[in-house]
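Novice: Each chain is listed here by its residues.
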Amino acid sequence: MLEKFTKTIRGRISRPLQYYQDICVRCGACIDACHFYAASNDPAHIPAYRMALVKKLMQGGDFRKTNLRNWWKDNTGFDAPTAEQLRKALWECTGCRRCAVFCPFNLDTGLLVSAARYASYQEGFGSEMVAEIGNAEISKGEIIDMIKEFYVEQTKEIETRLQQEFAPGLTIPVDKEGARVLYVPLVGEHAVIPLAKIFHAAKEDWTLSLFTATNHSFFTGDMAKAKQAANWIAQEAKRLGVKVLAYPECGHATRTVLSYFEDWFDGDIAGIERINVVQLAARYLAEGRIKVKPGTFTTPMTYHDPCNLGRNSGIFDEPRTLLNSVATDLRELSPNRELNWCCGGGGGLIAEPSLQQARMEGGKPKVEQIKKSGAQWVVTACENCKTQLDDLNQHYSLGVEIKGVLDLVADALVL
Amino acid sequence: MSTLEYILAYITPYLAMAVLLGGVAYQVYRWRQKKPTTVHLSLFPRPQGKLGRLIDALIDMFTLKGLFKVNKLLWVGGFIMHVGLLLLILGHIRTVIDFTILWKWLNWGPEETHTFSAVAGLIAAVLFTIPLFYLLGRRWSGSVKILSTPEDFLILFLLMGIAFTGSHMRFLRPDLDQEAMRQFMQGLYTFSWKPFPGTEGTGSTGPAFLWHFTMVQLLMIYFPFSKLMHTIGGIFNKMVMRS
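Chain order of the listed sequences is L and W.
In this text, residue positions in the first sequence follow numbering that gives the first Met the number 0: the first is 0, and each later residue adds one.
In this text, residue positions in the second sequence follow numbering that gives the first Met the number 0: the first is 0, and each later residue adds one.
Check the hints yourself; a few may be wrong.
As the list claims (entries may be wrong) - Straight-line Cα separation of at most 30 Å, DSS-like style, residue types lysine-lysine; simulated pairs:
1. Lys-34(W) <-> Lys-6(L)
2. Lys-34(W) <-> Lys-55(L)
3. Lys-402(L) <-> Lys-290(L)
4. Lys-34(W) <-> Lys-54(L)
5. Lys-87(L) <-> Lys-33(W)
6. Lys-371(L) <-> Lys-68(W)
7. Lys-54(L) <-> Lys-144(W)
8. Lys-371(L) <-> Lys-64(W)
9. Lys-33(W) <-> Lys-224(L)
Since the hints were derived computationally from the structure, they do not count as laboratory data.
Turn these sequences into a full structure, and let the hints guide you.
Specialist: See below:
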């Protein structure tokens, strides 16, 4: 029992995970870090306990066989309660790594959960939905020529609409060779419209990618597949000869492009700057390439640091600069920046319907934080966070509005 | 002197030192055998460059500033215990080499030196021992109880045992033959064995010294195979995580 899991996870214990196994002093600092634990008080949600559980399961193949030689091992067996604990430990985790900040040694539970999720898929458990979406993102590259025409047609439609509503000269170039910036959007026009406006205002030579930035294989811990999915985008950037690869308001994708691409596609993307659009917009503003009307928004608002943009990618100041340039009442959540509470929707949890209830539970600390801030708008720069915050807003009747940073910037543009 | 005492005094100390050094080297070697992560684990805020990361990790090691931000009470307990331990280790270096240059520089005679080491020793012992009770109590409290394993208790009890026997000798028994203990320790390091304190013409040390000495050896032997490796691994991991 659990042989595939044990075998796979042993192979996935890299150096940082070996440190985790060996040096965790179980001081309990991470207990206060986890939003799931704060909401549930279930030990399976304690970050160090997640490691203890995986370590216990790694120690032997067949747990039911008690043998004298292994008397010191935990031979309780992989029974139903343990299975449920493992499910909770691996899937009721958003990989936000708030616990890694709390840990005196920065031990990375996110990395553990990623490796263990991959191992548990080998046993046949884990979210099928998340894995399926991940596979679809890989196979999309093979059929891209077939859907290209339809995609361009749809973009044209948005383009025409924006030319009437926003600026007559606005264009949305798709798959344009030699453009300076390649923007990889998300599914849905909401990720294209604000950027089309900002790029137009900045007179940027840009083009829209045929792909979307999301990478669900990243959530299943299958890094080979995650690389395959991202490869389409890296190759596209290389083929078009762009100078800048800009990723949308999406947490995990931004993390892949900023922290993983260098290792994955070393030669292919040499000389291509990788950036998140929030950083890019902040740069346009600083360079005076875009102008916004100060004080466009007077509603009390707060900025929620998405885990993957904040503590996992270091984008703290840019969104605040942008918001302060268009809003009069920006409030800070407490705690914020790298200590900000996770919204509870990351790590692929949004895509798995059976985790809806757990998500709402895990969002409790976030809800309290928002209530305390007194903000009427919650602004953020991550698609996952937006969806989760929307759900929390309804579930807990918060009565706030959820906005994207660049939505506000685009609405305050002065041409 | 019984056979057991003889073994504990002249044989196992060398074994313990060998296991400590060899074990730590082996563990570090074992870690290097694991495949490194080639991606950036990028936990922010992130210091610039490898040197910056090392300096940051070292500052954090000696101040626990990260923990201070998130858990003040645990910081008080954990940090003060470690500071006390560090001071005690420094003080114990005097059992082998006296800091003569320091005393000369401060222009202190034997009298001043003695008073200083008594006061500093008392402070260090208090800093070290009291937090151990907090850390032990914490093990039994709330959610930390679920996390605790026998290993955690073993190490706490060992440290407490060492602290009690040490404090006993330092503060309750001023009559003990401290010079004999120093002679014995120096003899161990220079392989010119001196009589074990409490035997053969040395003044009395009671059983406390033997207990103290034995428990330190146990700790040294256990060190490389326990979570105590966080001393070294913590730095390594912080370096990787902030890459």
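Novice: All hints, please: hold or fail.
Specialist: Taking the hints in turn, this is what the structure says about them:
1. Lys-34(W) <-> Lys-6(L): Holds: Lys-34(W) and Lys-6(L) sit about 16 Å apart, inside 30 Å.
2. Lys-34(W) <-> Lys-55(L): Holds, because 22 Å separates the two Cα atoms, which is no more than 30 Å.
3. Lys-402(L) <-> Lys-290(L): The given pair, whose Cα atoms are some 20 Å apart, holds under the 30 Å limit.
4. Lys-34(W) <-> Lys-54(L): holds (18 Å)
5. Lys-87(L) <-> Lys-33(W): holds (28 Å)
6. Lys-371(L) <-> Lys-68(W): Holds. Lys-371(L) to Lys-68(W) sits at ~21 Å (cutoff 30 Å).
7. Lys-54(L) <-> Lys-144(W): Satisfied, since the Cα-Cα distance of roughly 18 Å is no more than 30 Å.
8. Lys-371(L) <-> Lys-64(W): holds (27 Å)
9. Lys-33(W) <-> Lys-224(L): It holds: about 22 Å lies between the C-alpha atoms, which stays within 30 Å.
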